[in-house]
Amino acid sequence: METQGWSAVSQPGPYSVGELQHPRSYWNGRFQKGPLNHNVHSSSSAMGALELNDLCRPPLLLICKPYQYRDWTKTNQRKTFRMKISDSNSTKRQAGDVQLRRSLPGRVGKTTGRPRERALALTQVIKCKAAVAWEAGKPLSIEEVEVAPPKAHEVRIKIIATAVCHTDAYTLSGADPEGCFPVILGHEGAGIVESVGEGVTKLKAGDTVIPLYIPQCGECKFCLNPKTNLCQKIRVTQGKGLMPDGTSRFTCKGKTILHFMGTSTFSEYTVVADISVAKIDPLAPLDKVCLLGCGVSTGYGAAVNTAKVEPGSTCAVFGLGGVGLAVIMGCKVAGASRIIGVDINKDKYARAKEFGASECINPQDFSKPIQEVLMEMTDGGVDYSFECIGNVKVMRAALEACHKGWGISVVVGVAASGEEISTRPFQLVTGRTWKGTAFGGWKSVESVPKLVSEYMSKKIKVDEFVTHNLSFDKINEAFELLRSGKRAVLSFDAVVFWFLSPVFILQKKSKRYTAVNEYLSLLCYQPE
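Going by full-length UniProt numbering, the first residue of the sequence shown is number 1, and it counts up by one from there.
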(Lines of atoms letter the chains of each structure in order from A and count residues from 1; the text may use other names and numbers.)
(Lines give C-alpha, C1' and ligand atoms only; values in the text may rest on other atoms or scores of the structure.)
Protein backbone atom coordinates (compact mmCIF):
# COMPACT_ATOMS: atom_id res chain seq x y z
CA MET A 1 0.00 0.00 0.00
CA GLU A 2 1.50 3.33 -1.01
CA THR A 3 0.39 6.75 0.09
CA GLN A 4 1.80 10.21 0.69
CA GLY A 5 2.89 10.99 4.22
CA TRP A 6 5.69 11.98 6.58
CA SER A 7 8.60 9.70 7.30
CA ALA A 8 10.97 10.09 10.24
CA VAL A 9 14.56 9.02 9.74
CA SER A 10 16.51 8.83 12.99
CA GLN A 11 19.93 10.39 13.31
CA PRO A 12 22.46 10.57 16.15
CA GLY A 13 21.57 13.50 18.37
CA PRO A 14 23.47 15.62 20.89
CA TYR A 15 23.06 13.24 23.80
CA SER A 16 24.98 10.55 25.64
CA VAL A 17 24.04 6.86 25.67
CA GLY A 18 23.03 7.19 29.31
CA GLU A 19 20.21 9.58 28.50
CA LEU A 20 17.86 7.08 26.88
CA GLN A 21 15.11 8.22 29.25
CA HIS A 22 14.65 11.22 26.96
CA PRO A 23 12.75 9.89 23.93
CA ARG A 24 12.83 13.24 22.13
CA SER A 25 16.61 13.08 21.99
CA TYR A 26 16.66 9.37 21.35
CA TRP A 27 14.30 9.76 18.41
CA ASN A 28 16.02 12.88 17.15
CA GLY A 29 15.55 12.93 13.38
CA ARG A 30 14.45 14.76 10.29
CA PHE A 31 11.04 14.60 8.67
CA GLN A 32 10.54 14.31 4.95
CA LYS A 33 7.37 14.26 2.88
CA GLY A 34 6.85 11.83 0.03
CA PRO A 35 5.54 8.41 -1.00
CA LEU A 36 5.53 5.76 1.70
CA ASN A 37 5.14 2.04 1.13
CA HIS A 38 4.10 0.23 4.28
CA ASN A 39 5.10 -3.19 3.00
CA VAL A 40 8.63 -1.94 2.38
CA HIS A 41 9.08 0.16 5.50
CA SER A 42 7.64 -2.28 8.01
CA SER A 43 10.52 -4.71 7.67
CA SER A 44 13.10 -2.16 8.77
CA SER A 45 11.12 0.23 10.93
CA ALA A 46 10.17 -0.02 14.53
CA MET A 47 6.78 1.62 14.35
CA GLY A 48 4.30 2.81 11.77
CA ALA A 49 1.21 4.80 12.68
CA LEU A 50 -1.86 5.79 10.75
CA GLU A 51 -3.61 8.76 12.29
CA LEU A 52 -7.03 9.51 10.82
CA ASN A 53 -7.82 12.97 12.13
CA ASP A 54 -10.53 13.10 9.50
CA LEU A 55 -11.78 9.55 9.74
CA CYS A 56 -12.81 9.20 6.15
CA ARG A 57 -9.89 10.89 4.45
CA PRO A 58 -6.54 9.50 3.31
CA PRO A 59 -4.33 9.05 6.39
CA LEU A 60 -0.74 10.03 6.99
CA LEU A 61 1.59 7.09 7.37
CA LEU A 62 4.31 7.87 9.89
CA ILE A 63 7.30 5.54 9.75
CA CYS A 64 9.77 5.91 12.64
CA LYS A 65 13.12 4.18 12.43
CA PRO A 66 14.91 3.91 15.79
CA TYR A 67 18.52 4.69 16.48
CA GLN A 68 20.44 1.52 15.73
CA TYR A 69 21.32 -1.00 18.47
CA ARG A 70 19.23 0.59 21.20
CA ASP A 71 16.17 -0.58 23.11
CA TRP A 72 13.71 1.84 24.59
CA THR A 73 10.65 1.36 26.82
CA LYS A 74 8.06 4.03 27.47
CA THR A 75 5.35 3.71 30.10
CA ASN A 76 3.18 6.72 30.77
CA GLN A 77 2.23 7.63 34.34
CA ARG A 78 -1.21 6.06 34.15
CA LYS A 79 0.28 2.83 32.82
CA THR A 80 -2.41 2.58 30.15
CA PHE A 81 0.00 2.27 27.25
CA ARG A 82 3.37 0.59 27.09
CA MET A 83 5.51 -0.18 24.08
CA LYS A 84 8.90 -1.78 23.77
CA ILE A 85 10.91 -1.49 20.59
CA SER A 86 13.69 -3.93 19.77
CA ASP A 87 16.27 -3.75 17.01
CA SER A 88 18.76 -6.06 15.36
CA ASN A 89 20.81 -6.20 18.58
CA SER A 90 17.97 -8.02 20.37
CA THR A 91 18.44 -11.70 21.14
CA LYS A 92 14.81 -12.47 21.94
CA ARG A 93 13.00 -11.06 18.93
CA GLN A 94 13.64 -10.13 15.35
CA ALA A 95 14.62 -6.64 14.27
CA GLY A 96 11.85 -4.12 14.45
CA ASP A 97 9.36 -6.22 16.40
CA VAL A 98 6.86 -4.37 18.54
CA GLN A 99 5.01 -5.71 21.56
CA LEU A 100 1.98 -4.09 23.12
CA ARG A 101 2.03 -5.09 26.77
CA ARG A 102 -1.07 -3.24 27.85
CA SER A 103 -4.60 -4.00 26.75
CA LEU A 104 -6.03 -1.67 24.14
CA PRO A 105 -9.83 -1.41 23.85
CA GLY A 106 -11.25 -4.79 23.04
CA ARG A 107 -8.19 -6.97 22.88
CA VAL A 108 -4.46 -7.45 23.32
CA GLY A 109 -2.27 -7.45 20.25
CA LYS A 110 1.21 -8.88 19.84
CA THR A 111 3.48 -9.05 16.81
CA THR A 112 5.84 -11.97 16.51
CA GLY A 113 8.20 -13.61 14.06
CA ARG A 114 10.48 -12.20 11.40
CA PRO A 115 9.78 -8.66 10.20
CA ARG A 116 8.23 -9.82 6.92
CA GLU A 117 6.34 -12.69 8.52
CA ARG A 118 4.56 -11.04 11.41
CA ALA A 119 1.51 -12.72 12.89
CA LEU A 120 -1.08 -11.11 15.11
CA ALA A 121 -2.54 -13.24 17.88
CA LEU A 122 -6.22 -12.41 18.29
CA THR A 123 -8.20 -14.16 20.95
CA GLN A 124 -10.43 -11.63 22.62
CA VAL A 125 -13.95 -10.38 22.16
CA ILE A 126 -14.34 -6.70 21.32
CA LYS A 127 -16.85 -4.59 23.22
CA CYS A 128 -18.17 -1.72 21.16
CA LYS A 129 -21.12 0.48 20.31
CA ALA A 130 -23.90 -0.73 18.01
CA ALA A 131 -27.46 0.21 17.08
CA VAL A 132 -29.65 -2.76 17.97
CA ALA A 133 -33.13 -3.31 16.55
CA TRP A 134 -34.79 -5.21 19.38
CA GLU A 135 -38.15 -5.47 17.63
CA ALA A 136 -39.93 -4.35 14.48
CA GLY A 137 -41.38 -0.87 14.35
CA LYS A 138 -39.31 0.48 17.25
CA PRO A 139 -36.43 3.00 17.14
CA LEU A 140 -32.93 1.56 17.20
CA SER A 141 -31.21 1.44 20.59
CA ILE A 142 -27.53 2.34 21.01
CA GLU A 143 -26.04 -0.50 23.06
CA GLU A 144 -22.70 -1.94 24.07
CA VAL A 145 -22.36 -5.23 22.23
CA GLU A 146 -19.73 -7.94 22.23
CA VAL A 147 -18.24 -8.94 18.90
CA ALA A 148 -16.53 -12.33 18.83
CA PRO A 149 -13.28 -12.91 16.91
CA PRO A 150 -13.59 -14.07 13.30
CA LYS A 151 -13.71 -17.81 12.71
CA ALA A 152 -12.34 -19.63 9.67
CA HIS A 153 -12.87 -17.68 6.44
CA GLU A 154 -14.26 -14.69 8.30
CA VAL A 155 -13.10 -11.10 8.67
CA ARG A 156 -13.62 -8.65 11.52
CA ILE A 157 -13.96 -5.08 10.30
CA LYS A 158 -13.79 -1.74 12.06
CA ILE A 159 -16.61 0.25 10.44
CA ILE A 160 -15.58 3.86 9.85
CA ALA A 161 -18.70 5.11 8.05
CA THR A 162 -22.13 3.70 7.26
CA ALA A 163 -25.20 4.99 5.47
CA VAL A 164 -28.88 4.32 6.08
CA CYS A 165 -30.76 2.70 3.20
CA HIS A 166 -34.46 2.10 2.47
CA THR A 167 -33.83 -1.63 2.84
CA ASP A 168 -32.84 -1.06 6.47
CA ALA A 169 -36.06 0.89 7.02
CA TYR A 170 -38.05 -1.79 5.19
CA THR A 171 -36.78 -4.52 7.50
CA LEU A 172 -37.18 -2.38 10.61
CA SER A 173 -40.81 -1.73 9.66
CA GLY A 174 -41.61 -5.44 9.90
CA ALA A 175 -42.63 -5.79 6.24
CA ASP A 176 -39.55 -7.83 5.31
CA PRO A 177 -40.47 -11.55 5.13
CA GLU A 178 -36.90 -12.43 6.12
CA GLY A 179 -36.76 -9.88 8.93
CA CYS A 180 -35.63 -11.38 12.25
CA PHE A 181 -35.10 -9.70 15.62
CA PRO A 182 -33.12 -8.70 17.61
CA VAL A 183 -30.72 -7.70 14.88
CA ILE A 184 -27.98 -5.22 13.97
CA LEU A 185 -29.04 -3.67 10.68
CA GLY A 186 -26.91 -1.80 8.13
CA HIS A 187 -25.47 -2.86 4.79
CA GLU A 188 -23.91 0.29 3.31
CA GLY A 189 -20.61 0.65 5.11
CA ALA A 190 -16.87 0.97 4.71
CA GLY A 191 -14.01 0.38 7.09
CA ILE A 192 -10.69 -1.24 7.87
CA VAL A 193 -9.96 -4.91 8.44
CA GLU A 194 -9.12 -5.38 12.11
CA SER A 195 -8.37 -9.11 11.98
CA VAL A 196 -8.93 -12.19 9.86
CA GLY A 197 -9.76 -15.79 10.67
CA GLU A 198 -8.00 -18.97 9.66
CA GLY A 199 -7.86 -19.61 5.94
CA VAL A 200 -8.29 -16.00 4.82
CA THR A 201 -5.67 -15.35 2.15
CA LYS A 202 -6.85 -12.36 0.14
CA LEU A 203 -7.34 -9.94 3.02
CA LYS A 204 -5.23 -8.79 5.95
CA ALA A 205 -5.39 -6.42 8.88
CA GLY A 206 -5.19 -2.85 7.67
CA ASP A 207 -6.94 -3.36 4.33
CA THR A 208 -9.56 -0.77 3.43
CA VAL A 209 -12.78 -2.57 2.55
CA ILE A 210 -16.49 -2.43 1.79
CA PRO A 211 -18.68 -5.24 3.22
CA LEU A 212 -20.97 -6.85 0.63
CA TYR A 213 -24.50 -8.13 1.08
CA ILE A 214 -24.16 -10.17 -2.11
CA PRO A 215 -21.02 -12.31 -1.83
CA GLN A 216 -18.88 -13.70 -4.63
CA CYS A 217 -17.33 -17.06 -3.86
CA GLY A 218 -16.15 -17.61 -7.42
CA GLU A 219 -17.00 -21.30 -7.23
CA CYS A 220 -20.79 -21.84 -7.22
CA LYS A 221 -22.69 -22.18 -10.51
CA PHE A 222 -24.07 -18.67 -10.08
CA CYS A 223 -20.59 -17.16 -9.80
CA LEU A 224 -19.38 -19.18 -12.76
CA ASN A 225 -22.28 -17.99 -14.91
CA PRO A 226 -21.70 -14.52 -16.42
CA LYS A 227 -25.46 -13.92 -16.60
CA THR A 228 -25.94 -13.40 -12.85
CA ASN A 229 -24.32 -12.01 -9.72
CA LEU A 230 -26.47 -13.94 -7.23
CA CYS A 231 -23.85 -16.05 -5.44
CA GLN A 232 -25.60 -18.73 -3.36
CA LYS A 233 -22.65 -19.95 -1.28
CA ILE A 234 -23.95 -18.60 2.05
CA ARG A 235 -27.48 -17.60 1.06
CA VAL A 236 -29.31 -19.96 3.44
CA THR A 237 -27.56 -18.90 6.65
CA GLN A 238 -27.37 -15.23 5.64
CA GLY A 239 -31.14 -15.17 5.20
CA LYS A 240 -31.49 -16.41 8.78
CA GLY A 241 -29.25 -13.68 10.20
CA LEU A 242 -26.38 -16.06 10.90
CA MET A 243 -22.78 -16.58 9.87
CA PRO A 244 -21.97 -19.51 7.54
CA ASP A 245 -21.47 -21.88 10.50
CA GLY A 246 -25.01 -21.17 11.70
CA THR A 247 -24.07 -18.98 14.68
CA SER A 248 -23.84 -15.26 15.44
CA ARG A 249 -20.80 -13.18 16.42
CA PHE A 250 -22.91 -10.59 18.27
CA THR A 251 -24.19 -10.67 21.84
CA CYS A 252 -25.79 -7.95 23.97
CA LYS A 253 -26.94 -8.19 27.57
CA GLY A 254 -26.46 -11.93 27.41
CA LYS A 255 -28.67 -12.33 24.34
CA THR A 256 -27.67 -13.41 20.85
CA ILE A 257 -28.06 -10.62 18.29
CA LEU A 258 -28.58 -11.56 14.66
CA HIS A 259 -26.64 -10.36 11.63
CA PHE A 260 -28.29 -8.49 8.74
CA MET A 261 -27.66 -9.24 5.08
CA GLY A 262 -24.29 -10.66 6.08
CA THR A 263 -22.92 -7.19 6.87
CA SER A 264 -24.44 -5.47 9.96
CA THR A 265 -22.68 -2.15 9.47
CA PHE A 266 -24.59 -0.41 12.29
CA SER A 267 -21.86 -1.59 14.66
CA GLU A 268 -18.39 -0.24 15.33
CA TYR A 269 -17.09 -3.72 14.60
CA THR A 270 -18.70 -6.39 12.47
CA VAL A 271 -17.77 -9.87 11.31
CA VAL A 272 -18.45 -10.95 7.73
CA ALA A 273 -17.57 -13.87 5.49
CA ASP A 274 -14.37 -13.34 3.54
CA ILE A 275 -16.29 -13.80 0.28
CA SER A 276 -18.42 -10.80 1.27
CA VAL A 277 -15.63 -8.23 1.36
CA ALA A 278 -14.24 -6.00 -1.39
CA LYS A 279 -10.76 -4.57 -0.90
CA ILE A 280 -10.67 -1.00 -2.20
CA ASP A 281 -8.33 1.91 -2.79
CA PRO A 282 -7.04 3.01 0.66
CA LEU A 283 -7.16 6.65 -0.46
CA ALA A 284 -10.92 6.56 -1.05
CA PRO A 285 -13.01 8.70 1.38
CA LEU A 286 -14.98 6.12 3.34
CA ASP A 287 -17.84 8.47 4.19
CA LYS A 288 -18.58 8.61 0.47
CA VAL A 289 -17.71 5.21 -1.00
CA CYS A 290 -19.74 3.43 1.68
CA LEU A 291 -22.73 4.23 -0.57
CA LEU A 292 -21.27 1.89 -3.18
CA GLY A 293 -22.20 -0.94 -0.84
CA CYS A 294 -25.79 -0.78 -2.08
CA GLY A 295 -27.83 2.13 -3.42
CA VAL A 296 -25.49 3.84 -5.86
CA SER A 297 -24.16 0.57 -7.27
CA THR A 298 -27.68 -0.84 -7.55
CA GLY A 299 -29.11 2.06 -9.53
CA TYR A 300 -26.05 2.64 -11.68
CA GLY A 301 -25.77 -1.07 -12.52
CA ALA A 302 -29.49 -1.35 -13.30
CA ALA A 303 -28.87 1.01 -16.21
CA VAL A 304 -25.47 -0.12 -17.50
CA ASN A 305 -25.62 -3.85 -16.68
CA THR A 306 -29.23 -5.02 -16.48
CA ALA A 307 -30.95 -2.78 -19.02
CA LYS A 308 -27.79 -2.11 -21.02
CA VAL A 309 -28.98 1.36 -21.98
CA GLU A 310 -27.80 2.34 -25.46
CA PRO A 311 -26.57 5.72 -26.71
CA GLY A 312 -29.34 7.94 -28.05
CA SER A 313 -32.10 6.08 -26.21
CA THR A 314 -35.02 7.46 -24.19
CA CYS A 315 -35.44 6.44 -20.53
CA ALA A 316 -38.01 6.93 -17.78
CA VAL A 317 -37.07 6.61 -14.10
CA PHE A 318 -39.91 6.12 -11.61
CA GLY A 319 -38.89 7.25 -8.12
CA LEU A 320 -36.22 9.89 -7.61
CA GLY A 321 -34.70 8.77 -4.35
CA GLY A 322 -31.07 7.74 -4.05
CA VAL A 323 -31.42 4.64 -6.23
CA GLY A 324 -33.43 6.54 -8.83
CA LEU A 325 -30.75 9.22 -9.02
CA ALA A 326 -28.14 6.51 -9.51
CA VAL A 327 -30.21 5.07 -12.38
CA ILE A 328 -30.32 8.51 -13.98
CA MET A 329 -26.55 8.74 -13.62
CA GLY A 330 -26.16 5.33 -15.26
CA CYS A 331 -28.43 6.28 -18.15
CA LYS A 332 -26.45 9.48 -18.63
CA VAL A 333 -23.10 7.65 -18.58
CA ALA A 334 -24.49 5.14 -21.11
CA GLY A 335 -25.36 7.97 -23.49
CA ALA A 336 -29.16 8.22 -23.23
CA SER A 337 -30.39 11.30 -25.08
CA ARG A 338 -33.54 11.83 -23.03
CA ILE A 339 -34.14 10.88 -19.39
CA ILE A 340 -37.54 11.56 -17.84
CA GLY A 341 -37.85 11.52 -14.06
CA VAL A 342 -41.21 10.54 -12.55
CA ASP A 343 -42.07 11.37 -8.94
CA ILE A 344 -44.93 12.89 -6.96
CA ASN A 345 -42.46 14.95 -4.88
CA LYS A 346 -41.48 18.01 -6.90
CA ASP A 347 -38.77 18.89 -4.38
CA LYS A 348 -36.69 16.08 -5.91
CA TYR A 349 -36.70 17.47 -9.43
CA ALA A 350 -33.76 19.85 -9.06
CA ARG A 351 -31.40 17.11 -7.85
CA ALA A 352 -32.63 14.73 -10.54
CA LYS A 353 -31.68 17.27 -13.19
CA GLU A 354 -28.27 17.72 -11.60
CA PHE A 355 -27.71 13.99 -12.11
CA GLY A 356 -28.77 14.14 -15.76
CA ALA A 357 -32.57 14.09 -15.99
CA SER A 358 -33.82 16.00 -19.04
CA GLU A 359 -37.19 16.73 -17.45
CA CYS A 360 -39.36 15.59 -14.54
CA ILE A 361 -43.11 15.00 -14.36
CA ASN A 362 -45.63 14.44 -11.58
CA PRO A 363 -48.31 11.76 -12.19
CA GLN A 364 -50.71 13.80 -10.05
CA ASP A 365 -50.64 16.60 -12.62
CA PHE A 366 -52.41 14.46 -15.23
CA SER A 367 -55.90 13.03 -15.49
CA LYS A 368 -54.78 10.01 -17.50
CA PRO A 369 -52.48 7.15 -16.41
CA ILE A 370 -48.82 8.10 -16.38
CA GLN A 371 -47.94 5.37 -18.88
CA GLU A 372 -50.23 6.98 -21.43
CA VAL A 373 -48.66 10.36 -20.76
CA LEU A 374 -45.18 8.96 -21.36
CA MET A 375 -46.24 7.21 -24.57
CA GLU A 376 -47.55 10.51 -25.91
CA MET A 377 -44.40 12.36 -24.84
CA THR A 378 -42.06 9.86 -26.52
CA ASP A 379 -43.85 8.86 -29.74
CA GLY A 380 -44.99 5.44 -28.61
CA GLY A 381 -43.07 4.83 -25.39
CA VAL A 382 -39.61 4.89 -23.86
CA ASP A 383 -36.82 2.50 -24.74
CA TYR A 384 -36.05 1.78 -21.09
CA SER A 385 -37.95 2.29 -17.86
CA PHE A 386 -36.93 1.71 -14.25
CA GLU A 387 -39.12 1.27 -11.17
CA CYS A 388 -37.17 2.38 -8.08
CA ILE A 389 -39.95 2.53 -5.49
CA GLY A 390 -41.17 -0.99 -4.72
CA ASN A 391 -44.81 -0.30 -5.67
CA VAL A 392 -46.39 -3.04 -7.80
CA LYS A 393 -48.80 -0.62 -9.48
CA VAL A 394 -45.89 1.58 -10.51
CA MET A 395 -44.07 -1.50 -11.79
CA ARG A 396 -46.96 -2.13 -14.16
CA ALA A 397 -47.05 1.49 -15.26
CA ALA A 398 -43.31 1.41 -15.95
CA LEU A 399 -43.65 -1.65 -18.17
CA GLU A 400 -46.62 -0.27 -20.07
CA ALA A 401 -44.75 3.00 -20.67
CA CYS A 402 -42.19 1.08 -22.74
CA HIS A 403 -42.20 1.09 -26.53
CA LYS A 404 -43.83 -1.82 -28.33
CA GLY A 405 -41.37 -4.23 -29.90
CA TRP A 406 -38.24 -3.47 -27.91
CA GLY A 407 -38.98 -1.62 -24.67
CA ILE A 408 -37.26 -2.95 -21.54
CA SER A 409 -38.52 -2.27 -18.01
CA VAL A 410 -36.32 -3.04 -15.00
CA VAL A 411 -37.74 -3.64 -11.53
CA VAL A 412 -35.28 -2.20 -9.00
CA GLY A 413 -37.51 -1.46 -6.00
CA VAL A 414 -38.38 -4.17 -3.48
CA ALA A 415 -42.11 -4.66 -2.89
CA ALA A 416 -43.64 -5.64 0.43
CA SER A 417 -44.10 -9.28 1.35
CA GLY A 418 -47.00 -10.96 -0.46
CA GLU A 419 -47.30 -8.36 -3.22
CA GLU A 420 -47.69 -9.59 -6.81
CA ILE A 421 -47.24 -7.86 -10.16
CA SER A 422 -49.63 -8.13 -13.08
CA THR A 423 -50.18 -6.82 -16.58
CA ARG A 424 -52.01 -7.86 -19.71
CA PRO A 425 -50.06 -10.66 -21.44
CA PHE A 426 -50.38 -8.72 -24.68
CA GLN A 427 -47.87 -6.22 -23.27
CA LEU A 428 -45.22 -8.95 -23.31
CA VAL A 429 -46.40 -10.70 -26.44
CA THR A 430 -45.86 -7.49 -28.36
CA GLY A 431 -42.19 -7.32 -27.51
CA ARG A 432 -41.78 -5.61 -24.18
CA THR A 433 -39.39 -7.17 -21.66
CA TRP A 434 -39.73 -7.21 -17.88
CA LYS A 435 -36.49 -7.65 -15.95
CA GLY A 436 -35.33 -7.48 -12.36
CA THR A 437 -32.00 -6.57 -10.82
CA ALA A 438 -30.16 -7.04 -7.53
CA PHE A 439 -27.13 -4.92 -6.67
CA GLY A 440 -27.19 -3.69 -10.24
CA GLY A 441 -26.00 -7.01 -11.60
CA TRP A 442 -22.46 -6.41 -10.33
CA LYS A 443 -20.36 -9.42 -9.36
CA SER A 444 -19.53 -7.84 -6.07
CA VAL A 445 -15.97 -8.68 -5.01
CA GLU A 446 -14.48 -7.96 -8.41
CA SER A 447 -16.72 -5.02 -9.34
CA VAL A 448 -16.88 -2.79 -6.25
CA PRO A 449 -13.14 -1.92 -6.36
CA LYS A 450 -13.65 -0.87 -10.00
CA LEU A 451 -16.61 1.28 -9.02
CA VAL A 452 -14.47 2.96 -6.37
CA SER A 453 -11.84 3.63 -9.05
CA GLU A 454 -14.51 5.13 -11.33
CA TYR A 455 -15.54 7.41 -8.49
CA MET A 456 -11.94 8.41 -7.75
CA SER A 457 -11.46 9.25 -11.44
CA LYS A 458 -14.71 11.27 -11.39
CA LYS A 459 -16.48 9.06 -13.94
CA ILE A 460 -19.39 8.55 -11.55
CA LYS A 461 -20.82 10.70 -8.77
CA VAL A 462 -21.07 9.65 -5.14
CA ASP A 463 -20.55 12.78 -3.02
CA GLU A 464 -23.69 14.34 -4.43
CA PHE A 465 -25.90 11.58 -2.99
CA VAL A 466 -25.03 12.57 0.59
CA THR A 467 -27.21 15.30 2.08
CA HIS A 468 -26.25 14.95 5.76
CA ASN A 469 -23.24 13.77 7.76
CA LEU A 470 -24.07 12.73 11.32
CA SER A 471 -22.44 11.04 14.28
CA PHE A 472 -23.46 7.42 14.79
CA ASP A 473 -25.46 8.29 17.90
CA LYS A 474 -27.94 10.14 15.68
CA ILE A 475 -28.88 7.06 13.69
CA ASN A 476 -32.61 7.37 14.37
CA GLU A 477 -32.48 10.92 13.03
CA ALA A 478 -30.91 9.48 9.88
CA PHE A 479 -33.96 7.23 9.44
CA GLU A 480 -36.23 10.26 9.72
CA LEU A 481 -34.18 12.05 7.08
CA LEU A 482 -34.48 9.00 4.83
CA ARG A 483 -38.27 9.19 4.98
CA SER A 484 -38.09 12.77 3.74
CA GLY A 485 -35.88 11.87 0.80
CA LYS A 486 -32.52 12.72 2.42
CA ARG A 487 -29.42 10.53 2.60
CA ALA A 488 -27.31 10.59 5.76
CA VAL A 489 -23.91 9.05 6.37
CA LEU A 490 -22.98 8.16 9.94
CA SER A 491 -19.40 8.17 11.22
CA PHE A 492 -17.90 6.60 14.31
CA ASP A 493 -15.77 8.80 16.56
CA ALA A 494 -12.48 6.93 16.49
CA VAL A 495 -8.87 7.17 15.44
CA VAL A 496 -6.97 4.30 13.84
CA PHE A 497 -3.34 3.61 14.69
CA TRP A 498 -1.31 1.13 12.67
CA PHE A 499 1.58 -0.59 14.44
CA LEU A 500 3.41 -2.51 11.72
CA SER A 501 0.83 -4.93 10.35
CA PRO A 502 -1.81 -4.92 13.15
CA VAL A 503 -4.48 -2.26 13.36
CA PHE A 504 -5.60 -0.82 16.68
CA ILE A 505 -8.63 1.39 17.14
CA LEU A 506 -8.77 3.92 19.96
CA GLN A 507 -11.75 6.06 20.86
CA LYS A 508 -11.15 9.80 20.78
CA LYS A 509 -10.90 11.47 24.20
CA SER A 510 -10.12 8.14 25.87
CA LYS A 511 -7.13 7.80 28.18
CA ARG A 512 -5.43 5.43 25.79
CA TYR A 513 -5.96 7.77 22.87
CA THR A 514 -4.41 10.60 24.89
CA ALA A 515 -1.48 8.38 25.82
CA VAL A 516 -0.76 7.47 22.20
CA ASN A 517 -1.06 11.10 21.13
CA GLU A 518 1.47 12.04 23.80
CA TYR A 519 3.69 9.23 22.59
CA LEU A 520 3.59 10.49 19.00
CA SER A 521 4.37 14.02 20.14
CA LEU A 522 7.51 12.70 21.80
CA LEU A 523 8.59 11.48 18.38
CA CYS A 524 8.62 15.07 17.13
CA TYR A 525 5.55 14.50 14.95
CA GLN A 526 5.45 17.96 13.41
CA PRO A 527 3.78 17.80 9.96
CA GLU A 528 3.16 21.09 8.20
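No wet-lab data here; the hints were simulated from the structure.
The structure displayed is predicted, hence computed values, not measured ones.
Among the hints, erroneous ones may be present.
[Said to hold, decoys possible] Using 20 Å as the maximum straight-line C-alpha spacing, the simulated DMTMM-like pairs for lysine to aspartate or glutamate come out as follows:
1. K348 x D473
2. K127 x D473
3. K332 x E310
4. K353 x D365
[Unchecked claim] Computed spacing ranges between beta-carbons, pair by pair:
5. S457 x L203: 22 to 32 Å
6. P311 x Q364: 27 to 37 Å
7. G418 x K346: 25 to 35 Å
8. T423 x F366: 46 to 56 Å
9. K204 x K393: 20 to 30 Å
10. K204 x K308: 28 to 38 Å
11. K458 x G254: 48 to 58 Å
12. E420 x K458: 12 to 22 Å
13. K346 x L224: 26 to 36 Å
14. K138 x N469: 38 to 48 Å
15. G254 x N345: 36 to 46 Å
16. K204 x G174: 21 to 31 Å
Just so you know, even glycine gets a beta-carbon here, dropped at the ideal spot from N, CA and C.
Pairwise beta carbon distance, G254 to N345, judged against the given window 36 to 46 Å: About 44 Å separates the Cβ atoms of G254 and N345, which means 36 to 46 Å holds.
When you take the CB atoms of P311 and Q364, is the distance between them in 27 to 37 Å? 33 Å, holds
Under the criterion that the straight-line Cα-Cα distance not exceed 20 Å, is the pair K332, E310 satisfied? Holds, at roughly 10 Å.
Restraint check for K127 with D473, where alpha carbons must lie at most 20 Å apart: Within the cut-off at roughly 16 Å; holds.
Range hint compliance [Cβ, K204 to G174, 21 to 31 Å]: 39 Å, violated
If I claimed the Cβ atoms of K204 and K308 lie 28 to 38 Å apart, would that claim hold in this structure? 37 Å, holds
So the hint says 12 to 22 Å: do the beta-carbon atoms of E420 and K458 match that? Violated, since E420 and K458 (Cβ atoms, about 42 Å apart) do not stay within the stated range.
If you check the beta carbons of G418 and K346, does the distance land in 25 to 35 Å? 31 Å, holds
Range agreement (Cβ of F366 with Cβ of T423, hint 46 to 56 Å): At roughly 20 Å between Cβ atoms, F366 and T423 fall outside 46 to 56 Å, so the hint is violated.
Mind checking the alpha carbons of K348 and D473 for me, to see if they're no more than 20 Å apart? Given pair K348, D473 is violated - Cα atoms ~27 Å apart, limit 20 Å.
Between K138 and N469, is the Cβ distance one that fits in 38 to 48 Å? 25 Å, violated
Is 20 to 30 Å respected by the C-beta to C-beta distance linking K204 and K393? Once the Cβ atoms are compared, 49 Å apart, the range 20 to 30 Å for K393 and K204 is violated.
Hints 1, 8, 9, 12, 13, 14 and 16 from the list above are not met by this structure, while the remaining hints are.
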